[in-house]
Amino acid sequence: MSERVNDKKKPAPQKTPDNATATPVANAKAEAALPALGIKGMLRWAWTQLTSMRTALFLLLLLAVAAVPGSLFPQRPANPSIVTQYIKDHPEYGKILDSLQLYDVYSSAWFSAIYILLFISLIGCVVPRAIAHYKAMRSQPPRTPARLSRLPEYGTLVIPADAGIPASRAITDAAAKLKKRGYRVDVRGDDGARPSLGAERGFLKEVGNLVFHTSLIGVLVSVAAGGLFGYSGQRILVEGDTFVNTLVGYDQFTPGTNFQSSQLQPYSIQLDKFQITFDRESKGKFGQPIDFKADVTTRETPDAAPEKQVLKVNDPVSLGGTSIYLTGNGYAPVVTIRDGAGNVAMQGPVVAKLQGDNYYSSVVIKVPDARPDQLGFAGFFLPTAFVTEEGVSFSGDPELINPQLTLNSYFGDLGLDAGSPQNVFELDVKKLTPLNARNLDAGGITLAPGSTYTLPNGKGSISFDGVKRYIGVDIHHNPGQLYALIFALLAVAGLVTSLYVNRRRVWVRTGTHPDGRTMVEYGLLARGEDHRLAAEAETIRGLLTDEWGLDSQKAPSGTVDNGPADTVHAGSAPNEASTEPRNEDFIQSTAGSAESKKDQ
Amino acid sequence: MFPINETMGQYSELFMLLAAGTYTVAFIAFAWDLAKSSKALRAIDLKAAAAASATATAKVPVGAGVGAGGSVERADADADVDRAASDVSGPAGRAERPSSATGRASKGAGSGAGQTADGDMRYAAERRVPARVAVALTVLGAVIHAAGVVTRALGAGRVPWGNMYEFLTTGAFVAVAVFLLVLIRRDLRFLGTFVIGLAIIMLVAASVAYWTPVGHLVPALQSYWLIIHVSIAVMSSALFTLTFAMSALQLVQAHRQKAIAAGGQDKLGFMRLVPSALSLENLSYRINAIAFVGWTFTLMFGAIWAEKAWGRFWGWDTKEVWTFVIWVVYAGYLHARATRGWTGTRAAWLSIVGYLCVIFNFTIVNQFFNGLHSYSGL
Ligand code: HEM
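For the protein sequence lines, the chains are P and C, in the order given.
One point on numbering: in the numbering used here, the residue at position 24 of the first sequence is 24, and numbering is uninterrupted.
One point on numbering: in the numbering used here, the residue at position 223 of the second sequence is 223, and numbering is uninterrupted.
You may find that some hints are simply not true.
Label pairs and their computed distance ranges (CB to CB) [as the list claims (entries may be wrong)]:
| hint | chain 1 | residue 1 | chain 2 | residue 2 | range |
| --- | --- | --- | --- | --- | --- |
| 1 | P | 400 | C | 364 | 52 to 60 Å |
| 2 | P | 258 | C | 186 | 50 to 58 Å |
| 3 | C | 363 | P | 400 | 52 to 60 Å |
| 4 | C | 265 | P | 147 | 40 to 48 Å |
| 5 | P | 295 | C | 28 | 19 to 27 Å |
| 6 | P | 357 | C | 345 | 38 to 46 Å |
A few chain C residues that face chain P, going by a derived Cβ cut-off under 10 Å, partial list only [as the list claims (entries may be wrong)]:
| hint | residue |
| --- | --- |
| 7 | 194 |
| 8 | 197 |
| 9 | 215 |
| 10 | 260 |
| 11 | 261 |
| 12 | 263 |
| 13 | 300 |
| 14 | 325 |
| 15 | 340 |
These are computed hints drawn from the structure, not numbers from a lab.
We treat Cβ as the ideally placed atom computed from N, Cα and C, and that holds for glycine.
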């Protein structure tokens with residue numbers, strides 16, 4: 001590749017002396033232009049370097065190395081809070097790593113630089129190769145080499161004189177056979193004494209290679225497009241809840257760079273029921289969930305007919321151009337809270353956040369509508385409550401065998417009215433006054449389903465009505481992924497073609513021996529890695545012997561063979577050929593015709 | 001979901017131990033073969049050297065009863081020539097290189113006494129009793145091992161690759177099975193100690209460090225993609241194991257050939273049994289090419305599964321990162337084979353680095369790195 005680029009730029013430097021002799025002005029201009037040429041030359045040099053195979057290899061290895069730190073350090077896109085914590089935990093170098101973009105490896109300047117350079121190199125590599133290959137596919141197989149015996153695979157055949165197959169007929173026969181075998185064949189000089197043919201096959205190898213490399217570009221572009229036009233979000237659904245695909249419907253939303261809210265199709269999905277199967281068989285994993293199943297009702301559009309579907313792990317529901325994934329679940333105790341005035345201030349399920357084994361979960365309840373004081377609760381939900389002798393409670397089983405809600409309560413200003421967003425799973429108790437806690441006279445609140453607890457000081461009451469389940473769903477829209485898949489499949493097809501199609505050339509030359517026998521010699525050459533070339537030589541030999549009805553003249557290809565012994569025994573010339581096979585022209589040494597000398 | 005059968009699980013563990021024991025005996029037989037053959041070859045060498053002292057070594061009629069000494073050197077000479085040619089002329093030159101030259105060089109030597117693994121790695125006529133014993137024992141071990149894998153599958157009521165214990169036991173079986181399958185066509189018995197040794201290590205590690213009773217899969221792993229993605233990954237890894245061993249031997253052999261070519265002493269006599277560095281390189285390239293295609297599928301199917309399970313096909317999760325790194329390293333290896341100055345020893349190093357990444361991805365990443373894939377059942 002580099003040579004070709006070098007050839008093209010030769011004319012450029014010659015211009016300078018021409019201009020220099022014309023006029024002083026031009027001379028000056030030329031001087032001024034010199035650095036420009038230098039830059040041009042340098043750019044050309046840089047381009048040659050960049051598109052060289054060695055650079056591609058270097059960049060590939062560099063890419064592998066550069067990808068590694070992303071697995072060693074926490075990454076922001078995966079989990080920003082862990083990164084923040086990591087920086088806090090490592091004050092000595094946490095910040096330095098950040099300035100090196102080691103928490104954003106895959107969007108960092110240096111990682112991007114490597115893969116962009118790699119892909120530029122790839123384009124610079126593929127385009128000239130594609131052009132060269134297009135030309136090669138349209139041109140004839142290369143001319144017949146003077147000495148076929150120098151080729152890696154070489155063999156000879158002798159057609160007896162009484163078979164009546166002259167040299168020209170032999171070459172057309174061979175051409176037909178090779179054509180049938182998928183070779184592109186060009187017959188030369190079939191009216192002369194030394195007709196020959198050149199044949200080539202396996203152009204698909206290079207095509208496969210080009211398809212493979214081009215498809216990699218396709219994959220990259222598809223991934224980028226997905227990042228531009230896609231979006232993703234999360235939502236928690238308690239049994240009975242309905243999610244509508246609008247911006248306000250999401251608990252969390254991450255738009256792509258080019259996202260428009262008009263992209264959202266307002267479909268809806270309702271969680272009817274969520275079931276979990278727990279492992280009751282194996283001792284080691286007793287009580288581990290082994291199946292999650294969510295029954296949902298979906299509507300493509302607000303007025304479409306409802307449709308029952310099942311959402312499972314590894315089995316998302318597709319709706320309105322998005323896919324909906326089951327990614328989390330837990331319990332949601334249903335509570336009713338009355339305020340000091342006796343009114344229902346809150347009623348419904350509260351999402352309990354998983355904390356430990358067997359669905360040991362934390363619960364936070366904020367009741368901003370309670371009067372005269374806002375109420376807050378924080379504590380735990382245990383599906384199967386157990387208390388150790390030391391008084392530590394834990395959950396003994398994931399199923400609802402002995403559900404229990406243990407809470408502390410507070411009153412005061414929850415700080416929600418200021419309008420600043422709060423984490424629903426955390427209760428800031430700094431400005432609140434405790435009502436119930438284990439260390440207070442009133443003690444903590446412990447509730448079983450169906451029971452009610454009256455808060456001290458007439459602040460109201462809380463009832464534990466029952467338990468529902470909830471699921472967490474991820475919603476993704478990625479318009480690039482289908483194309484990424486298509487290009488990836490193309491790449492694999494190209495790869496396999498490139499690795500397993502063999503590009504081969506075959507030449508055959510025939511001639512007539514003075515005693516009337518027709519001498520045939522053939523040679524094979526592979527382009528690129530080809531461990532089956534010898535087998536191909538054998539196959540072609542077999543085809544030709546069948547064609548001419550010769551006894552299967554078994555001979556390992558690559559060694560000269562003058563046919564079966566009975567055809568050879570007569571003359572002494574064949575013996576010569578067998579002693580010094582590689583340096584002699586087979587036909588010449590046996591046929592010795594004048595024309596054949598002219599050929600060379 | 002099929003019920004769990006703990007008795008089956010116990011049978012499986014017993015089979016695994018029996019297989020490991022059988023492999024250990026096979027390992028000893030392979031090692032014995034190496035030692036014995038190298039001694040025999042050395043004796044033949046000495047005789048040949050005495051007989052041929054008058055003639056130029058290159059002209060010793062290969063395979064005419066003179067034997068391995070001559071033919072090995074002949075193959076080496078070929079290798080050097082080939083290497084020189086490809087160094088000088090780069091990809092284009094390589095393309096024109098007589099690809100079957102080495103095969104032909106050794107074809108004649110096929111019947112030579114003492115010749116063990118020729119350039120083509122076809123079987124020679126000569127019998128190596130310890131090697132035959134070793135292969136027979138390996139087959140026996142593999143049969144017991146297969147029983148262990150099957151009973152594990154029956155015990156758990158699913159495919160036996162859902163946690164580290166199962167990856168290791170099934171992976172070791174696939175490595176041995178692939179090795180035996182290759183043995184049908186090619187004489188790679190010189191790799192025996194390597195492959196069987198590794199299988200023993202895997203079985204022992206599985207039983208000691210990663211033992212897990214039979215159990216159901218977590219929902220995240222319940223997918224037909226587990227069957228597709230992991231089985232292809234395990235098979236590619238088995239192939240990478242073979243090429244790793246061959247590349248390591250290639251480095252040693254290249255070193256030895258150079259030392260001998262420089263007129264030095266042959267200090268690594270047991271390497272006589274091993275084919276020339278170039279033959280090793282060529283065969284490991286072909287196996288690596290297959291394994292690379294397999295790894296490409298592993299990567300792709302992993303991405304498709306990730307899309308199904310987590311809603312994104314690529315997220316630079318640690319496991320994904322390392323799978324990608326392995327893929328890129330082996331892509332680099334394939335490039336190296338077509339790059340001037342990078343064939344031979346450097347390519348072998350890339351193949352070794354790639355395999356070390358495979359090991360790292362399996363052990364360290366599975367155990368110590370947090371990620372979405374951290375459910376390997378530890
Ligand atoms: C994203 C980066 C790249 C990857 C992953 C990659 C991967 C591969 C793979 C796997 C092969 C072997 C299979 C085949 O022959 O088709 C290959 C071959 C090849 N690649 Fe790349 N490649 C990349 C970039 C490049 C670049 C930048 C160049 C040009 C400088 C290049 C030039 C070649 C050539 C010439 C071959 C054929 C080698 C032969 O004749 O065996 N590749 N590449």
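(request) Classify the hint on residue 300 of chain C as holds or violated, based on whether any CB of chain P lies nearer than 10 Å to its CB. (result) 5 Å, holds
(message) Holds or violated: the 40 to 48 Å window for the beta-carbon distance between residue 265 of chain C and residue 147 of chain P?
(response) 42 Å, holds
(message) Hint residue 261 of chain C vs chain P: min CB-CB distance below 10 Å?
(response) Hint on residue 261 of chain C: violated, closest Cβ of chain P at ~24 Å, above 10 Å.
(message) Would the hint on residue 263 of chain C be counted as holding, given a Cβ-Cβ threshold of 10 Å to chain P?
(response) 29 Å, violated
(message) Checking hints one by one. Is residue 197 of chain C an interface residue toward chain P, by the C-beta closer than 10 Å rule?
(response) Nearest chain P Cβ about 28 Å off; hint violated.
(request) Identify whether the interface hint at residue 340 of chain C stands, where standing means a beta carbon of chain P within less than 10 Å of its own. (result) Hint on residue 340 of chain C: holds, closest Cβ of chain P at ~7 Å, below 10 Å.
(request) Given the range 52 to 60 Å, decide if the beta-carbon distance of residue 363 of chain C to residue 400 of chain P lies inside it. (result) 40 Å, violated
(message) Tell me if the interface restraint on residue 194 of chain C is satisfied: Cβ within less than 10 Å of some Cβ in chain P.
(response) 23 Å, violated
(request) Answer holds if the nearest beta-carbon of chain P is closer than 10 Å to that of residue 325 of chain C; otherwise answer violated. (result) 5 Å, holds
(request) Have a go at the residue 260 of chain C hint: is there a Cβ in chain P nearer than 10 Å to its own Cβ? (result) 26 Å, violated
(message) Holds or violated: the 38 to 46 Å window for the beta-carbon distance between residue 357 of chain P and residue 345 of chain C?
(response) Once the Cβ atoms are compared, 53 Å apart, the range 38 to 46 Å for residue 345 of chain C and residue 357 of chain P is violated.
(request) Please test the hint of 52 to 60 Å on the beta carbon pair from residue 400 of chain P and residue 364 of chain C. (result) Given a distance of about 40 Å, which is not inside 52 to 60 Å, the answer is violated.
Going down the numbered hints, you'll see the structure goes against 1, 3, 5, 6, 7, 8, 10, 11, 12, while the others check out.
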